[in-house]
Amino acid sequence: MLHSWVGRVVAICGLLAVLFALMVGLGAATPAPALGDYPAEDALAEDYDSHVGEYVQVTGTVSGTSPVEIAVEYEYATGGERHSGTLTVTVRNVDRAVAEGESLQVYGTLGPDWTITAENSVSVPATNYVAMYLVSALAGLWTLGRLICGWRLDWQTGALCRREEPLRPIRALLTMMREVRA
Amino acid sequence: MPDLLSHAFIAFTICTLLSLRYDWLSGEYVTVGMAGAFIPDMAKIKLLVDAATVEATLDIPFDWLGVHTLGGALVAVLVGVVVVNRSDRRRVFGLLSLGATSHLFADALLLKASGRSYEVLWPLTQYHPPTPGLYLSTDIWLTGVTGSVAVAAYLFVQYRA
Numbered sequence: 001m002l003h004s005w006v007g008r009v010v011a012i013c014g015l016l017a018v019l020f021a022l023m024v025g026l027g028a029a030t031p032a033p034a035l036g037d038y039p040a041e042d043a044l045a046e047d048y049d050s051h052v053g054e055y056v057q058v059t060g061t062v063s064g065t066s067p068v069e070i071a072v073e074y075e076y077a078t079g080g081e082r083h084s085g086t087l088t089v090t091v092r093n094v095d096r097a098v099a100e101g102e103s104l105q106v107y108g109t110l111g112p113d114w115t116i117t118a119e120n121s122v123s124v125p126a127t128n129y130v131a132m133y134l135v136s137a138l139a140g141l142w143t144l145g146r147l148i149c150g151w152r153l154d155w156q157t158g159a160l161c162r163r164e165e166p167l168r169p170i171r172a173l174l175t176m177m178r179e180v181r182a
Numbered sequence: 001m002p003d004l005l006s007h008a009f010i011a012f013t014i015c016t017l018l019s020l021r022y023d024w025l026s027g028e029y030v031t032v033g034m035a036g037a038f039i040p041d042m043a044k045i046k047l048l049v050d051a052a053t054v055e056a057t058l059d060i061p062f063d064w065l066g067v068h069t070l071g072g073a074l075v076a077v078l079v080g081v082v083v084v085n086r087s088d089r090r091r092v093f094g095l096l097s098l099g100a101t102s103h104l105f106a107d108a109l110l111l112k113a114s115g116r117s118y119e120v121l122w123p124l125t126q127y128h129p130p131t132p133g134l135y136l137s138t139d140i141w142l143t144g145v146t147g148s149v150a151v152a153a154y155l156f157v158q159y160r161a
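Residue numbers (full-length UniProt numbering), protein chains in the order written: chain Y, 1 to 182; chain X, 1 to 161.
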């Protein structure tokens, strides 16, 4: 077992099914404030009234400063239909200066008519997400490059094997340049 | 930490330092540890297909973050173990687990307004452990710090060799 293409593919399909089941299980979990799992954006959008009086943790973009208002994006599905959009929530008791456009995470008590009385808030500077994704892609290329240089696919068995002679593209390039110069 | 580079630097540093102790831990195996650090962030598929779309299509509950937990990461690690040959399985299991654990641990220290982290131990428990809140997910300085430490570890190990 597990030494052929078929064995590996069957095993991987089985593992992916388990992974899928774990994701379904997590999706089915409802907020549990006693465990520190507070209702968030999607729970508020789906059923606001059942969470009034509870502690919630919500992140949104500041859209007004007096009073502080945040625009909260949500997405959820019920009955096979996807719902998404933006809610506007008024935040009371924010103990810091906030600027429009910044991202604010608020922890506090949910009141009726779309208000949260903040206990604590964290402002997250608006960063350049494009730059962040580029940096992450760089990490991916670095690791993928190392993987290709150090490992190869055995087409007979479908296994990843360590190369006996790892590829050294940079060293090879330097040697080539030196030879050209000589 | 949203930028994967920090996570890759952390895994690189740990594996490189471990190579001082374990002779078999060559550069190829360091790469396996780094690959492990990518596992939890497979949840970022949600940027392409969000969970609500999956839920609506299949009409069942769903959350991509399942892979960003102990149980989900473990199953993903086992996929990596199946792909390699028997002689490499134990090492690959250890290194992928190490990389994935370092990622989950670093993310459990993120600053949250509620002071509570995420369901890192799922499916064992839904408990969100308290977080010391050491950094924000958007802190760039962290990439600089983890990168400098990674370079220092690399140079140190080269020097020792």
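In case anyone wonders, no lab produced these hints; they're calculated from the structure.
It is possible that part of the hints are untrue.
Coverage of chain X stretches by chain Y, computed from C-beta distances (three or more under 8 Å per stretch; other residues unrestricted) [as the list claims (entries may be wrong)]:
id, segment
1, 81-90
2, 113-119
3, 135-141
4, 146-159
Glycine residues also receive a C-beta, built at the ideal position from the N, C-alpha and C atoms.
Cross-check of the supplied hints:
Closer than 8 Å: that is the beta-carbon criterion, and the segment 81-90 of chain X has 6 residues meeting it against chain Y, so the requirement of 3 holds. Chain Y is given as covering the segment 113-119 of chain X, and this holds because 6 residues of the stretch bring a CB closer than 8 Å to a CB of that chain, at least three being needed. Check on the segment 135-141 of chain X: 4 of its residues sit with their Cβ under 8 Å from a Cβ of chain Y, so the three-residue criterion for coverage holds. For a cut-off of 8 Å, the count of residues in the segment 146-159 of chain X with a CB near a CB of chain Y stands at 0, and the three-residue condition is violated.
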